[in-house]
Amino acid sequence: MKRKHPTLSRRTAVRGAVAACLSGLVPISVWGSPEDADLAIAEHFGADKPVSNGRVTVKLPPISENGYSVPLEVLVKSPMNDTERVVQVAVFAEENPLAKIASYNFGKHSGPVHIQTRIRMGGSQRIRAVAELNDGSLWSGYAFSVVTLAACVL
Amino acid sequence: MRAACIAFLLWASLASADEVISGYEFLTPETQALQDDDFANPGMLWVEEGGSLFAQQCADCHTQGSNGNLEGVAARYPAFDQDAQTLLNIEGRINRCREIHLQAEPLAYESKALLALSAYVANLSKGHAIDVDIDGAAQRYFTEGRDYFFRRKGQFNLACSQCHDDHWGRMLRGDRISQGHPNAFPGYRLEWQAMGSLHRRFQDCDAGIRAQPLALGSRRYRSLELYLAWRARGLIIEVPGVRR
Amino acid sequence: MPETAAIGEVFEVKVMIQHDMESGYRRGQYGERIPRNIIQHFRCRYLGEQVFASEFFPGVAANPYLSFLVRAQRSGEFVFEWEDQHGKVWRRTVGLAVQ
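Chains as they are written, first to last, in this note's numbering: chain D, 684 to 837; chain L, 2 to 245; chain R, 26 to 124.
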């Protein structure tokens, strides 16, 4: 009998990768989508607020050998003075079970916005960061990373 | 002319087959950077915790005193201990001090406290070259460890040597196989999301070839550790290493 | 972070805490759900004011690490605080001398 190669949808592919994890821990398969990230952004910053592209730079390694701990950098262009400053930044993952990863607030003595942290990524995906300025405007940027070993226990 | 030729050939073979390369060289630049920065390396959390346990429990005897500070000591381990009449690795040596000098219970292998203390003690030898003694009473442990390294086992019928001697540099399920050296451990593995001992790493490799992993701290794993330390002689200790 | 800084100087602060950040999405050996147990808040105060704060969700990696920038104003204390979902708080204080 000739074995046929079944076509994999993206989601089964992701689950397959997860099932292949060695850790003996069985993950629960709940995965997000870019729309979930849009929703989470609206929920966090308020609905119907336009989000412009720009000002925000997101840095991720193009290839992450491990989804358990991916170095993330976010920079926002702003003078951070009394007239113009960044009030907060929030980071979202399009494919994680929970889109929102973290949010950051900046006080009066904050320097320029340049944060570094480490995040979990349940597969290759875009990470988006949205910054809110003191005038209420929202700005966003993103980066993509290919994850060779997904955080199966995300 | 002839002497120069021979010397060159010898050098070339040393560089290819016998060159000892740390697992560090097989990591991505991001993971290397994580290991290099003491303020970002998560393993340093265990080292610091170990430092405060050490100050409470061990420093009375082990600062400048007659028992010496412990700088460079971990590079000589595992070592045969005359009093205990067995091969001790750093974890075992620490527990031995707890038993005979502190009249305390030994700490469980892989417990947070033993990981912290062994990470602290091994970190005191960071930058020192591994240099173990395999003669005398240590010899039979060495032989046992070497046998384990070359023995095929598990459902996949593979030996440690087939991956780490014969196929290092190749990819295996998204992982690049290194030479399998012990110099990063106790180390922080991203997959564990925590610090872990060398024996836990052995268990993962044994499980990977579907062989029954041995107990943490067991004699055969200590023997294997001695063989690996000898095989890695001259390599610099990196604790706390960061690995995938 | 440095011990001293010049007025107006921008410097980097790096913080890390040992915590598993159990996501709540994992199942144990017997299929039981491992309950979520994470640090939720990090706060940094300087000169009595919040200079930086963060809210964490399960997507933050175990042993949370953060680096951010602060502008030196006057000598004073930095208070770092982490709080988990049960309200348990860990605190560290570091002094900064501004010349």
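In case anyone wonders, no lab produced these hints; they're calculated from the structure.
Incorrect hints may have been included.
[What the hints assert, rightly or not] The calculated lysine to aspartate or glutamate pairs, modelled on EDC-like cross-linking and capped at a C-alpha distance of 20 Å, are:
no., chain 1, residue 1, chain 2, residue 2
1, R, K39, L, D207
2, D, K791, R, E34
3, R, K39, L, E100
4, D, K742, L, E106
5, D, K742, L, E31
6, L, K113, L, E100
7, D, K760, R, E37
8, R, K39, D, E756
9, D, K732, D, E748
10, D, K791, R, E74
11, R, K39, L, E50
12, R, K39, L, D134
13, D, K791, R, E37
14, L, K154, L, E100
15, D, K760, R, D45
16, R, K113, L, E100
17, D, K742, R, E37
18, D, K791, R, E106
19, L, K113, R, D45
20, D, K791, R, D45
21, D, K742, D, E756
22, L, K127, L, D38
Bear in mind the structure is a predicted one, so any value in this text is a computation, not a measurement.
Outcome of the hint check:
| no. | hint | in the structure |
| --- | --- | --- |
| 1 | K39/R <-> D207/L | 37 Å, violated |
| 2 | K791/D <-> E34/R | 14 Å, holds |
| 3 | K39/R <-> E100/L | 38 Å, violated |
| 4 | K742/D <-> E106/L | 48 Å, violated |
| 5 | K742/D <-> E31/L | 12 Å, holds |
| 6 | K113/L <-> E100/L | 18 Å, holds |
| 7 | K760/D <-> E37/R | 17 Å, holds |
| 8 | K39/R <-> E756/D | 13 Å, holds |
| 9 | K732/D <-> E748/D | 36 Å, violated |
| 10 | K791/D <-> E74/R | 8 Å, holds |
| 11 | K39/R <-> E50/L | 18 Å, holds |
| 12 | K39/R <-> D134/L | 41 Å, violated |
| 13 | K791/D <-> E37/R | 16 Å, holds |
| 14 | K154/L <-> E100/L | 36 Å, violated |
| 15 | K760/D <-> D45/R | 33 Å, violated |
| 16 | K113/R <-> E100/L | 34 Å, violated |
| 17 | K742/D <-> E37/R | 18 Å, holds |
| 18 | K791/D <-> E106/R | 18 Å, holds |
| 19 | K113/L <-> D45/R | 12 Å, holds |
| 20 | K791/D <-> D45/R | 32 Å, violated |
| 21 | K742/D <-> E756/D | 5 Å, holds |
| 22 | K127/L <-> D38/L | 14 Å, holds |
Violated hints for the displayed structure, listed by number in ascending order: 1, 3, 4, 9, 12, 14, 15, 16, 20.
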